[in-house]
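Protein chains in written order, with the numbering used here: chain A, 8 to 418; chain B, 8 to 418; chain C, 8 to 418; chain D, 8 to 418.
These are calculated hints, taken from the structure and not from any lab test. There are no misleading hints in this set.
Identical chains blur together in the list; that is why a pair holds if it fits in one copy or across any two.
With a cut-off of at most 30 Å between alpha-carbon atoms, the simulated DSS-like pairs for lysine-lysine come out as follows:
1) Lys199 - Lys155
2) Lys347 - Lys261
3) Lys111 - Lys199
4) Lys96 - Lys194
5) Lys128 - Lys388
6) Lys388 - Lys346
7) Lys142 - Lys346
8) Lys349 - Lys401
Protein chains: 4
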Amino acid sequence: MADLWREEWKLLERKLQDRGLDVTAIRTAVANFRCETPSWGYGPSGTRFGVFPQPGEARTIHEKLEDAGECHRLTGVCPTVAVHIPWDKADDYDALKGFAAQQKVRIGAVNPNVFQDLDYKYGSFGHADERVRRKALEHMQECCAIMKSVGSDILSLWFADGTDYPGQADFRERKQRFTECLQATYKMLPAKSRMLIEYKLFEPAFYHTDLADWGMALNFAQKCGENAQVLVDLGHHAQGVNIEHLVAFLIDEKRLGGFHFNNRKYADDDLTCGSTNPYELFLIFAELTAAEAEKSTLPHPIAYMIDQSHNTKNKLEAMIQTVEQVQTAQAKALLVNRKKLKAAQANNDVVGAERCVMEAYNTDVEPLLMSVREQLGAALKPLEIFRLSDYTRKKAEARRGKVAGAGLGVN
Amino acid sequence: MADLWREEWKLLERKLQDRGLDVTAIRTAVANFRCETPSWGYGPSGTRFGVFPQPGEARTIHEKLEDAGECHRLTGVCPTVAVHIPWDKADDYDALKGFAAQQKVRIGAVNPNVFQDLDYKYGSFGHADERVRRKALEHMQECCAIMKSVGSDILSLWFADGTDYPGQADFRERKQRFTECLQATYKMLPAKSRMLIEYKLFEPAFYHTDLADWGMALNFAQKCGENAQVLVDLGHHAQGVNIEHLVAFLIDEKRLGGFHFNNRKYADDDLTCGSTNPYELFLIFAELTAAEAEKSTLPHPIAYMIDQSHNTKNKLEAMIQTVEQVQTAQAKALLVNRKKLKAAQANNDVVGAERCVMEAYNTDVEPLLMSVREQLGAALKPLEIFRLSDYTRKKAEARRGKVAGAGLGVN
Amino acid sequence: MADLWREEWKLLERKLQDRGLDVTAIRTAVANFRCETPSWGYGPSGTRFGVFPQPGEARTIHEKLEDAGECHRLTGVCPTVAVHIPWDKADDYDALKGFAAQQKVRIGAVNPNVFQDLDYKYGSFGHADERVRRKALEHMQECCAIMKSVGSDILSLWFADGTDYPGQADFRERKQRFTECLQATYKMLPAKSRMLIEYKLFEPAFYHTDLADWGMALNFAQKCGENAQVLVDLGHHAQGVNIEHLVAFLIDEKRLGGFHFNNRKYADDDLTCGSTNPYELFLIFAELTAAEAEKSTLPHPIAYMIDQSHNTKNKLEAMIQTVEQVQTAQAKALLVNRKKLKAAQANNDVVGAERCVMEAYNTDVEPLLMSVREQLGAALKPLEIFRLSDYTRKKAEARRGKVAGAGLGVN
Amino acid sequence: MADLWREEWKLLERKLQDRGLDVTAIRTAVANFRCETPSWGYGPSGTRFGVFPQPGEARTIHEKLEDAGECHRLTGVCPTVAVHIPWDKADDYDALKGFAAQQKVRIGAVNPNVFQDLDYKYGSFGHADERVRRKALEHMQECCAIMKSVGSDILSLWFADGTDYPGQADFRERKQRFTECLQATYKMLPAKSRMLIEYKLFEPAFYHTDLADWGMALNFAQKCGENAQVLVDLGHHAQGVNIEHLVAFLIDEKRLGGFHFNNRKYADDDLTCGSTNPYELFLIFAELTAAEAEKSTLPHPIAYMIDQSHNTKNKLEAMIQTVEQVQTAQAKALLVNRKKLKAAQANNDVVGAERCVMEAYNTDVEPLLMSVREQLGAALKPLEIFRLSDYTRKKAEARRGKVAGAGLGVN
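The shape of chain A in the complex, shown without the other chains (with noise of 0.2 Å):
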């Protein structure tokens, strides 16, 4: 096997030459790609209906490190990790980098959490009463302090506010007191940082959520600043939206900070990134790839970050396997030969426009990956190399028992 993928991706390499692509510009992109993994991908999740231990899942902020260094180790493209106040806070945060440094990690997107603390029942930033919005703000410095303390440059946001039912709550008032609130909190963010607004349709609200859709997560960014933007969680949409094209709109926009990757098939699933359309998701890297490759369409780099939950799959097995579909899913977006895509547009050549893309979805691009892989040295099969080792043994060794303050992440 070991020589096939060389023979392999030396006929791919000729292909995309026939096709007209370049293929070292290519090349560029896919090895320049960076994904950040989240803490809470590394510790115990479930559903409503259990939580099921694994043997050796992290159950601390530095057992979470540990295993997005292997992931970065194996990868090659993780170098930065996600984390959530107050499950991953420390004590002194010179020593937390100092040992994300040694995994050879960084801290990335710092994530507030202002849903679990019994006062947030009814809500946060939406709150009807002041002392609860004051306490969510008073979070918010905390964060912006944390940042500031790791070198983060994104607060990234979301919001379980809503209502189950219909009366609990005035939809405009709450809306003004989120304008309020995330207004302030921008105020707050470090000097050359980022604020990402996420939405999501439902859940843990049953009835509305305050910041449903795109629409309203634009309008508050909008409101707060050119820094405040739109984060995408790809499964916090109503069944049937076309998530390629909000994404583009956002582009256009300005408006367009960063995804949170996962799955679904039905509601929130929190699935591995891929699993279910794969096709969607590699129709969303061709906007992003576009506009990528234009000078001065993006008024930052977007960031990609997952944001998952595993019940069934091994947790690290499957953070790996995602980054494996998420760049499969951006170096097949890379292969759309853009100039033809264009020529058949313009003359509404409704079957050749989607061959064009349909022709790099097809491509098969592991020996591709593989080869960048090789070049940036990483494994060259990461999930398969993980399963081979003995990571999950030793670690199911060294981790037993409960450490305290290890927290259930989901979102």
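Could you slot chains B, C and D onto chain A? The hints should help.
Then chains B, C and D, alone, in the frame of chain A:
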């Protein structure tokens, strides 16, 4: 029966007073409510599987205005009629105005059609070909001229623009073309008139729609000017979307222009408004009546319009029935005890707040509506009276055979 | 107010008689309606994002029976309580029966739990490992024994079985295992008892559920025997599914076993029944009351049970409110003039037929319900009375601290 | 390029062998796959908003057969053509058979039409009026006679029956009428032929459809006899339904009759199969190829048929493209390493099992398909060859003007 409703009304009045409601204000709001009917709702319609003609169906704008006049005569609240150009084109708009006046109605919103002509196969404002966009803009110019001729102050825009397949068009380029064309149209508007921008998730385009949701419609409206507002068609959302929430959001943004009333269980079914989920319709009206009761919240009156497509119901029966259903929802919404509701909301008394809403909804407002209809000089029970009349039979005799220029109306 | 409802009832009675309805038969049907409440509905519940405890919440089966007793005392129509094993396991079921009797309630359906134990991580009846299936069957045996002990005649089956990812399991093998295990369970049933098979589209499994829809549940029931029937949970369908239609289909197949009442706007939200679309609930009851009025249509009485999960509402308030909503739907359904409806249907008079249904729905049945409650010796307004009482306050004092064995109830 | 694919095929063959797959068996299965095209897919179609004619579109059954012949000539796998009666009615079926034979195709499934005639406004088999049901049955008789004349062994049934509003009809009465009429039709079937029963969630009926889902179709099929089977149209499900699961369920019930291939993002969009979610199509084929590989699992061959409606794509291009997409899905499904998959499933190795499936899906099967096409004597790249040909231009010249009797085909 004749006496019964008066006794019921007396009891209801007492009950409402006991609840602390201002019955006079409620009656006034019910009496002032107006709802526009669409010319195309009186003519033939169908699904892609076929159109089943009905005896006596209106074939021309004149016959449609006759039917709209009958609807207004019975309900007393439908004095205006939306027209669709070119389906309702006339040689002499003064004469048409006069004919409408004879039926005791006026021309309301003007609805351009940039989807039926073969040139629009691949779009209108989003079309890649500048000549098609220019043609669409010329049609807008024509419609604005008609607005002046007939004294209409609403240009109501719906676009079939979109694509069927990935790759077929460039989302961002289409967005930019739409922005330009909408801005150009905005400049054509007669003085003191408004432009309403409708959105729709899908159909007839099956992969993406250029104006897919309220967020896109709002975005374009903001780029045009303050007299550009969003039109909410109740059948144009993804499953699960909380419509009353986004209605409130648009109210707060001062961009809620109006409604196309109808209902759906699945897609854009264009069923009688209130026939699938009357509670949802009531909840939408609960947002509207709350805003209308506040001074200065709304920059313009909200345009209430019906847009339905009845394939199995008698057209005029369906229209009158719709008006009754919409009036019922509005009247019930007016019965929400706002003071009590605010108190429950302030205490996060979820059950208490929901009961305020449910109490209003569960009230039988038929006696109230009959009492107001009596005051307006309308039929006490418009649908029942119509069904007892020989209007349909007479028209079935009078309107035999085809008439040139009668279009199929759907959107 | 006290007098007002009696006057309203007098008028309503006259109106119903004018409509040609048999008021005595309607009153009898309303008075005979019974609805089972679930033990787990009185205890803590939540979403995967957290569980917010409520003061006074029941912690043990005894406290749950106390609360169920209070619900029955006020409503007069909730004499039975569904239990969940092992959450409600007791050392002495005779004593438990006695305790229930003191609260004036009885044990109703027995609900096994084959999803919470770690062994069930990959399923129960569908599990690849024969030992897990045997364990699940032993639990069924235990539940059937409990049925005998407590005099229950319903075994109510819900399975979390399913998979999260394509390939994870073989659909047909799982189906065959389910068939075998369900047949084995059927044979364990105590004499004269029934087995109800619930279905659910998704959650907690996110790719496939072994019992995904009514068609699968029916198929398995047919393979077991005539006392195996389908249980319809109102929140377990795909968006857009016409529930009243499949209810009618199951009635005609003589396989409608019962209901789990709740409501949802999105997924399995487990909201108060009738809170999202009360008209849909009414339409379901319109099928049920029609079948119940016919002799010999139903082989067994339909088991009406509540299954909800209230995170923001006071548990007991929510339960009583639910009973009121369900009674309202049933009472309205009884007001449909069947004779008039049949005539309109025979003539394809769509508007006429819909009016028969709408007329019943739009009637305010509160006075009828109050009159029947008076006759039953229940509270005239159960929810209002409960909210005025100090039950919650007293229990909040009495039920401080944790009690071992209190489970989290959701399905 | 010509040489490249051969090199790719050599490498692919080695890779498949390395994976332990039986390449000869795979090639045989690919070579034996056949897919029926529908006569109506070559003629005009549209949405309710309009039908945009295409130059050269087939207008008569003869022109449709010509186009079907061209499709078969290029792909080599489409030797049969489904017909729709009365759209494809002929005076002399022997002559029609002969004409088809000249195009190297045969008539396949016969599709009755009991929805277009005005008599069917309120249904066919479900209609309240016995005369309408008799008329529909007579049409079935006619279609069975045509089956004999043309040598077809499949009667393919789709019904538009349903209602638009609650109350419009009695669900159970309609069900009973359907049972009777389907049983009567079953008895009319020519010897050794099958009756396939299609289902659909909604459209053109918008409240309920008599055959709403697979469960209903299966139920009716069981009531008819073993040669009545279920037809799965990929666009006829509620959002979120796991189609591959119910396909497996139907296989296990020995009631999977065949497919109508297409795709959708929203409702019954009738888009090119595989254009929205090609992975889902592959997963469906993974169930089919597994069953086809087992002896005795399937009582009859599964009937693979296309049913699409192309409004913006060139009809014949779209048809050929569809065949390629379906072949791609089938070929990839054949690459699943069943033995490895079984082992992973037995160990609940979720990631391992998914990888077996994904590995097959991610393989580029184009060289395999080309190699098999070469063997079949078909075009190596059918769509590309067709687009380079002047077929469309020539037909556009030859097929000018209207021809009587050309119907609009959709279902």
